[in-house]
Structure formats: structure tokens, C-alpha cells
Amino acid sequence: MKIPVLITRTVIASAATLLLASCGGERINDPVTVTEGSLSTAITQALDYSVLPAVNVFNTASNNLLSASEAFCSAPSASLLSNAQAQWKTTATAWFRLAPYRFGPLNDDPVLPEYIYIDSLRLRGTDYTATVRTDIETAISDSSTLDDAYFAAKNFQKVGLLALEITLFETVDTKSTTTSDIVTEFTNTERKCQVLTGLATQLSNRATRVSEQWNNDYDETGNSYRTTFIAGELSDGTEPLTLLITSVQEYLDYLQQRDVVNITAQKAGIAWPLVEASINEIEQLFSGTDTTTVSFRALMQTSGYQSEIAAVDDNIQAAYDAITAKDSVLFSVAAAALDGNFKREIPDGLEVELGINFTDGD
Amino acid sequence: MKQHFTTLPLNKINRRRFLRTLGVVSASLPLGLSTEVWAKTSNSNIRNHEFLISAQGNDNEHYGLGWIDPSIPFSRNLTSGFRGHGVAQHPHQPERIIMMARRPGQYGIEMTLPNGHLRERFSNQENREFQGHACFSGDGKILFTSEMDTTNGEGKIGRRDAETFAWLGEFDSYGIEPHELKLMPDGITLVIANGGLLTDTTDGRTTTNLESMNSSLVYINSLTGELIERHKLAESKASIRHLDVATDGSVAISMQVQRQALTHQEPIALTAIHRQGQEIVLLDAPETLLLNLQDYIGSVVVHNKERIAAFTSPRGNLALFWHCDTYQLLGYHAFHDVCGITVSHDQRSFILSNSNGELRYIDALTLQEQKQRRLEFNAMQWDNHLLSVALPTENNS
Chain A
1 MKIPVLITRT
11 VIASAATLLL
21 ASCGGERIND
31 PVTVTEGSLS
41 TAITQALDYS
51 VLPAVNVFNT
61 ASNNLLSASE
71 AFCSAPSASL
81 LSNAQAQWKT
91 TATAWFRLAP
101 YRFGPLNDDP
111 VLPEYIYIDS
121 LRLRGTDYTA
131 TVRTDIETAI
141 SDSSTLDDAY
151 FAAKNFQKVG
161 LLALEITLFE
171 TVDTKSTTTS
181 DIVTEFTNTE
191 RKCQVLTGLA
201 TQLSNRATRV
211 SEQWNNDYDE
221 TGNSYRTTFI
231 AGELSDGTEP
241 LTLLITSVQE
251 YLDYLQQRDV
261 VNITAQKAGI
271 AWPLVEASIN
281 EIEQLFSGTD
291 TTTVSFRALM
301 QTSGYQSEIA
311 AVDDNIQAAY
321 DAITAKDSVL
331 FSVAAAALDG
341 NFKREIPDGL
351 EVELGINFTD
361 GD
Chain F
363 MKQHFTTLPL
373 NKINRRRFLR
383 TLGVVSASLP
393 LGLSTEVWAK
403 TSNSNIRNHE
413 FLISAQGNDN
423 EHYGLGWIDP
433 SIPFSRNLTS
443 GFRGHGVAQH
453 PHQPERIIMM
463 ARRPGQYGIE
473 MTLPNGHLRE
483 RFSNQENREF
493 QGHACFSGDG
503 KILFTSEMDT
513 TNGEGKIGRR
523 DAETFAWLGE
533 FDSYGIEPHE
543 LKLMPDGITL
553 VIANGGLLTD
563 TTDGRTTTNL
573 ESMNSSLVYI
583 NSLTGELIER
593 HKLAESKASI
603 RHLDVATDGS
613 VAISMQVQRQ
623 ALTHQEPIAL
633 TAIHRQGQEI
643 VLLDAPETLL
653 LNLQDYIGSV
663 VVHNKERIAA
673 FTSPRGNLAL
683 FWHCDTYQLL
693 GYHAFHDVCG
703 ITVSHDQRSF
713 ILSNSNGELR
723 YIDALTLQEQ
733 KQRRLEFNAM
743 QWDNHLLSVA
753 LPTENNS
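Chains as they are written, first to last, in this note's numbering: chain A, 1 to 362; chain F, 363 to 759.
Simulated from the structure, these hints should not be mistaken for laboratory data. Quick caveat: nothing in here was measured; it's all calculated off a predicted structure. There is no bait here: all hints are sound.
Output of the computed footprint for chain F on chain A, the stretches with three or more beta carbons under 8 Å from beta carbons of chain F:
#1 110-119
#2 122-136
Some chain A residues close to chain F (C-beta under 8 Å, calculated; not the full set):
#3 S235
#4 D236
#5 G237
Ideal Cβ placement from N, Cα and C applies to all residues, glycine included.
The shape of chain A in the complex, shown without the other chains (with noise of 0.2 Å):
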């Protein structure tokens, strides 16, 4: 495996014990030395403990989503709506901690990448609301076969989470929000039960898609995408780790740049959760979970970069500051200065090289 780093110090470390079982070969005493084995391992446990959870968490959660989808439309009930609409919650929150990993499976096809069928928002902060509407309203009202190639020729403005949250939380008619105008609308027209059903099973299927290349055949290779990417083989030749950090980057300076909390989930209000899901994400892959031990930021301390750690804990607090405040251009700044500790900070304490800068063009 080729490691994008050139580790140049040689750190005689205070935390031994937190490496040395990683890193093997070492006793007790022994100084301990950050090589590109431990920043393997780091790289590693982050996508075992962070980012493969979060992956399948949100295929799990989508297919949740398309049973609740289902036993509603069977039995239309206030008690079974408040379930779908709960699972479409979760599925959303589960998004919300996968969206910072847009690489591999989710973004491979440069012309039509499978987030955007997920998540129509995240392409260029465009909130497609007005377009879902219009075209439930056609589904509804028109003659077509409500059938499953019908909801996989549609355009990603009109699928995903969006449409699946304005299905299942206001009526087509009055945008109605109330349980009981909901459920009668899907009792009275059969039409809008094929919509959500139709809709929950193109989430659910290209959200096992993607779970299924990263744990199992990525793009018929016969290797999951997770040993491609800890092999360092990834097609296009990015590092594991540019692209894990570029990633994160990315992400962080799309909640600063689009009003995310103003438009997302809007009718199911949980804009704020769902960010906040998202700066947790972040912050278990620089902290790492319980079962972790070497995380980024463990191998950051152990070099001596420990400013450079307290900028990125100050910057997670006044993130959360920001969403507990629910202040979005608090939230923004924060989002910004995150960005820039994923553009900083973090590539400097884990001595990583990034690339050429080719951001001011030329």
C-alpha cells in the first residue's frame, strides 16, 4: 500500500500505549515512533469504525424506510404514518452522517454520481421543492404505470430524500401538514401510495448498492471498495487519505456555502439534528469511537501538534454552539473555520501532502 505522507519527525511520544497495539513489534518501554503503518491503521479503523457504520447504517435505515412505506400503504393509519414519517427521520439522520464520505460508490460516475439521487440539495444548493410537488401531482393525477422503471427514469431533482419528506409530510392538494389530512389523502387516492412506495424502494435499492460495493463487489471488480481504497488502489489514483480529508473538506465548505439548515428537511423540521448528526460524524473520525485505537487525532497528539488540535475542538464546540443557538450564520463561520482546520491543521499534524494548490486557478 502506498501512503500519501511524508512523515519526516520522529516523535518520542508520551501516549506509547495507545499505538503499541497497533502498531506491534514494540515493548512498553519502547519510544513509540509515528510511521506510515500507525497512519495505515488510523486510516483503516476510520473506515471500519466510521465510515462502513455510517454507510450501512443509512442502507439499513433506507430499507426501514420502504417497510414502514409499506405497512402504511397497507393500512393507512395516523399510528403508521407517525412510523414512516420517524423512519424517514432516521434515514435522513443516517444521511446526514454518510453525506461528509461522498467518494467511492456514492460519487464514481462524474455525469450521474448516486448522491445526487439521494440528496438532490447537495449538488449546488438548489432546493428542488417546487419541482417535487409537480410532479406528484402529475403521478397522481395522471394515467402512467406507477411501476418501478417509471421511478428509475426519474430526473434526481424529483427522488431521494426530498421527495420522499414532501410525500409523506404534507397533502398534494393543500400542503396540508396535519396527520389526519395526510392520511386521508393516501386513503382516498391510491395513486399517492404508489408514489411513496415507488420512491422509498429507489432509495432503498440504490442505498444497497451502495452499501453493497463498499462491503462487497465494487464496480464488478470482485473487491469491496473498502479493500480497494485501504489497498491505495483507487482507479483515479487519489491517496485514501487526500480523499477522506478532501472529502470531509468538501462537505464542510457546502453547509458554510448553501443555506442547508434553511432548506433541508424544512417539513419535517429537523434541519438542525441533521447538521448536528453531521459535526458528530465529523468528530468521531478525527476522535475515533470507543473501539478505536489510533485515531487521526491521537496520531496528531502524539506528534506535537496540539494547537492545531485544540483549533479543531474549539471549532466542533462552536459548531455545536452555533446549532444549539440555531444560528446559521454562526453555524457557517464555524462550518468555515472546520473547513479550513481539514485544510490546515489536519493535513499538517498528520504530515500528509495534499497536492499541488491549483484553488487560485492560473
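Using the hints provided, position chain F relative to the given structure of chain A.
Just chain F, lined up with the frame of chain A:
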């Protein structure tokens, strides 16, 4: 395998020290090639081989003009002390290679192949900044350089004696911030990409005229400096920066959009074809693909035989290919941080380079990667532009 040299940051040393520190040639072997094998192969028949040349490096210590012979292969670097940008080959003395400093630039160097000797180094005139590119006149006697008048921002095309690099004068570029320029097939007309951006004099990079930016594609007479044609894009916030010229005079151009000056997120075409006397034709692509490019194309090359204009997007990690005549998007190739692109000397391939020191070959007929030809030079970090050069066949031993 990384080479280290005692080159100090240019802004911390005086001119005399700069002259001492530049021009160090370092050689690096690709993974798995011994010094013995390299010594043998580099001493005989080396001039039979194609060379690939590019500005390279990511810090003051390593900035230089790097080159490789992909058939051996080995890599070498002539340290420059500044970040280079465009490279140009003398039309009649193919061993002579020019590298210009990235804008705002003060220097250019000439290196001779295959040994990498620093033949000459030249500086900007007072109140002038180099803008990153140069090209030779058809007879090879004049070197034209894109420059800016630092007193008023006007674009200039510097004229220098191509042997001595003595300053001969200048022409207007008929625009702001000329960037890449090329000689047209008639051997007289220069086509110039006026980027249209003014920059902060303190850092030379921050754009200061977003509201009034004024990019243009200009054709001038290289003998008289007379304006022949000037064309503009409908999108005023798109800066024309790079270009290449086909043998029939078709000009492939690439842009950089100043998104911060726009109030929308609509995708904007970044590539186009122009023919003199006609309007600029924008090259279309799916919305998602355009958005992937993140408003910047870094380099362009035309394959004359296949009539393909190829572009690179380092931010989007993509190389893209359009037909010069039908304007159809023919394909794309994902490659991390790709920016350099050239056509191989045998015309069979496009060659791509990236900041990781990697090279990839794309079959010019099928536009599929020839994976067995991948090369990687850990000592190299290829910058914006790549050039294929083939020297006359003769022994050099």
C-alpha cells in the same frame, strides 16, 4: 527517492544568491530502476527518445523544470528557485526549452536537453510582470512573453531576442492580463488569451476587478502588433486563460469562472472552440459534469489527427475530450489532481500528469486508458502544463 537541495525561498535571498542556487540538476529513478541501469541507458541513444517536460515542485526548495524520458524511464529536475508554469520548445532547435514563472512572474529560464543545462535565465523589465507563458516566432528568432504593465494593468506581449533574451520591445495585448499565447499556423498571427483579471499588487493573486473583469480572445500580427480580431464570451465572469491551436487554425480555449462575482450557481461552460472570423462556440456537457469541474480548466491540447480538443480539470480530477468539429463530448477520464496534458510524439496517445508525479496514457482513438503504461515519479509534482518533445535521432555518447 526524494531529492533535497539547499535552495532557499526566493523572497529571502538576494539576486546573487538566487543565481547560485538555481540550476541544480537532480536525477531521480522511477521505482525499481537501479542507478546502474539508468547510467547505461542514459549514455546511449538517449536522443532517440521522447521527453516529457513540465514545471514541477510544491515548495521553493524543489520548484524546477522537470523532465522524463518515458521509455527508460528516469526523471530529472533543473531547480529554478521559482514556481514555473508554461513551457515552450524552440521550433528549430528542439533541444531548447523555455519555462516561464507562474504569474506574477519575474523570471524565465532556458534549459537544453537532454542534459538539462541551464542555458539562460532572463528577468522581467521594470514595471512588467510575466504572466506564465511564452511562445517563439515561426523562425525561432523572437520569444513572445505574456506580460502585464504593473502601473496600469494593461496587457503586453514582450518581444525578446530568442538567442540572447535581450528585450526588443512589446506590443499591446489589447486586453487585461494576457495569459497563454500561441502562434497560428500562418506563422505570423499570435492568438492571445486575455484573462481580464487585475490582481492585488501585494500578493499578485487576489483578484481586484471582479465587477469590471474583461476577458477576451485576441489575434494580433506578430510582426507589427496590429490588432486583427478580438472576441468576448457572453459570460463576463469567465476568464479565458489557456488555449491550443490546431493545424487548420481552430483554437481550443479554456476558462476559469470567477464564481464569487456571480449570484447564481448555474453551471457555466469552461471550454470552447474558435475559428477566426467566427463566433466562439462553447462546448456543452451534462450539468453534473460541468459542476464537477469547479469552474476551472487548467490546461488544453489539440490532437490534430483525431481532431480532439482535450482539457484538464485538477479540481474536478478529470480530463475531458471533445471533437473539434462536431463539438460533441467524446469522453472523460478520472485522474486525481490532473492538470498537465499533451499529445505523445507518435500521436497515439494523450498523456496526462498530476501533482503526485504520475503520468497516464489515454489512447487517442479509443480514449481508453492504456493502464500498462502508467508511470509514477515520487520525486516529481507536476504543475499545470506538460509538453512532449522529441529530439532528432542520433547518439549522444
